[in-house]
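Participant: Going down the list, the sequences are from chains A and B.
Quick note on our numbering: the first sequence kicks off at 1 and runs consecutively.
Quick note on our numbering: the second sequence kicks off at 1 and runs consecutively.
Among these hints, one or two may not hold up.
No copy labels: a pair is met if it fits in one copy or bridges any two.
Simulated pairs of lysine-lysine, DSSO-like, Cα-Cα distance not exceeding 27 Å [said to hold, decoys possible]:
1. K30 with K193
2. K193 with K123
3. K49 with K193
4. K52 with K30
5. K141 with K30
6. K123 with K49
7. K123 with K141
8. K30 with K49
9. K141 with K193
10. K141 with K49
11. K30 with K123
12. K123 with K52
Since the hints were derived computationally from the structure, they do not count as laboratory data.
Protein chains: 2
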Amino acid sequence: MADRVRHIPEATVARLPVYLRSLAELVDEKTATVSSERLAEMAGVNAAKVRKDLSYLGSYGTRGVGYDVEYLLFQMSRELGLTHDWPVVIMGAGNLGQALANYGGFTDRGFPVAALVDADPSKVGQTFHGVEVHHVDDLPKIASDRGVRIGIIATPAAAAQAVADQLTAAGIRSILNFAPAVITVPEESSLRKVDLALELQILSFYQQHSQPDPEASGSRT
Amino acid sequence: MADRVRHIPEATVARLPVYLRSLAELVDEKTATVSSERLAEMAGVNAAKVRKDLSYLGSYGTRGVGYDVEYLLFQMSRELGLTHDWPVVIMGAGNLGQALANYGGFTDRGFPVAALVDADPSKVGQTFHGVEVHHVDDLPKIASDRGVRIGIIATPAAAAQAVADQLTAAGIRSILNFAPAVITVPEESSLRKVDLALELQILSFYQQHSQPDPEASGSRT
């Protein structure tokens, strides 16, 4: 096996989960091998980029045959750190926090929700979708006891920075921010932001630039 | 003004909302002009790419001065179709649908929520965060009456395809899918997918590849 390459470009890292999803679909279809062209099509990139990206994992495929799907899936999972679970805490037990606690896609993919955390004493002790709400004062203990390395911010925008600071203080260095607010974290931490409105803006671009639709249902006003 | 360029690459379109957010921050700071280097830094891309992307909008900046922030923001908003509101419907009035109805970032940025839509009669007529729940049978009428062009799928995975079909039948051709399911739409429709677990996988990559953290709080086990 090729040497483990540690310096994988950020853009490649961001594509690995997309390849992973495509490989999981191929496994479901009982497909044994896949060409870079097919994988490229599934992931929405070009084939040269797929080959380059996979070469960072030490995967080169076999000419005329392609890549072994199961083995590539294993390599990808290992590289992404998905061969074991990463328990997460969700900060904020409002609608969004509750929705995330109930989001099937997390536990299925190795991110069990260890706890919901809220500052509101009236919420503490309640259980949503099997996940208990803990007080924010108990965050350091929860993080330590359950081995939590990833925190999800699901609070209103105004609370987001304070919550990020609480996560940092509790030793949680990987943060996914859903709040519509710009936050800062220490340099050694990883921060990703999900901007729910950004995708809508992309849709509005295409809607704006599309022709008026002659088949729109109902009466046009 | 330069001719309106209609064929903007998909990757550029996906970056426009990121520039837009940076420009809005600059306006808040009362910054009048911005260099491509500064904008590149804020948006996390390189300066040559910024200049190329903005050239598609007919914006070239002024050598030694940069771009006029307010004018570029206006151009960008117009290009993204954000000079008027795009009412949206949210399909599914569960936790996620309710959370999205309450997400401050939508209405603020020109995507008022016209309605929540659900198949469950017991939810119909309820109001969450000022948004009323309508029955899915009324979707075509709501879409037509309120000029809804964008639909958001916030149902469980199993219902996602049926809901996408209902949106299509109601003449809604721009769909944002939050359900952890692969769905298909007609070719003339636009589909974007928000995969909430994908960002966690990117964080787990960096967590996996980081050194053990000697400062983690609490006792290590």
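Participant: Checking K141 and K30: alpha-carbon separation at most 27 Å within a copy, between copies, both or neither?
Facilitator: This pair counts as neither: shortest intra-copy Cα distance 44 Å, inter-copy 43 Å.
Participant: At 27 Å max between alpha carbons, let me know whether K123 reaches K141 within a copy, between copies, both or neither.
Facilitator: Within one copy only: 18 Å inside, 39 Å across.
Participant: How do K123 and K52 come out at 27 Å by Cα distance, when the copy is not named: within, between, both, or neither?
Facilitator: Neither, since 49 Å and 50 Å both go past 27 Å.
Participant: Regarding K52 and K30, is the shortest C-alpha distance of 27 Å or less found within a copy, between copies, in both, or in neither?
Facilitator: For K52 and K30, only the intra-copy Cα distance (25 Å) is at most 27 Å; the inter-copy one is 43 Å.
Participant: How do K193 and K123 come out at 27 Å by Cα distance, when the copy is not named: within, between, both, or neither?
Facilitator: within (26 Å within a copy, 32 Å between copies)
Participant: Is it within a copy, between copies, both, or neither that the alpha carbon of K30 lies no farther than 27 Å from that of K49?
Facilitator: For K30 and K49, only the intra-copy Cα distance (25 Å) is at most 27 Å; the inter-copy one is 41 Å.
Participant: Taking 27 Å as the upper bound on the Cα-Cα distance, should K123 and K49 be classified as within, between, both, or neither?
Facilitator: Classified as neither; 48 Å inside a copy, 47 Å across copies.
Participant: As a check of your reading, is K141 near K193 (CA-CA no more than 27 Å) within one copy, between copies, both or neither?
Facilitator: Close inside one copy (26 Å), not across copies (36 Å); limit 27 Å.
Participant: For K49 and K193, with the copy left unspecified, which applies at a CA distance of at most 27 Å: within, between, both, or neither?
Facilitator: both (25 Å within a copy, 22 Å between copies)
Participant: Cα distance capped at 27 Å. Does K30 pair with K123 within a copy, between copies, both, or neither?
Facilitator: Intra 45 Å, inter 41 Å, cutoff 27 Å: neither.
Participant: For K30 and K193, with the copy left unspecified, which applies at a CA distance of at most 27 Å: within, between, both, or neither?
Facilitator: For K30 and K193, the Cα distance is within 27 Å only across copies (25 Å; inside one copy 35 Å).
Participant: From the Cα coordinates, with 27 Å as the cut-off, is the pair K141 and K49 best called within, between, both, or neither?
Facilitator: Result: close neither inside a copy nor across copies, 44 Å intra and 45 Å inter.
In terms of the numbered hints stated before, the structure departs from hints 5, 6, 10, 11 and 12, listed from lowest to highest.
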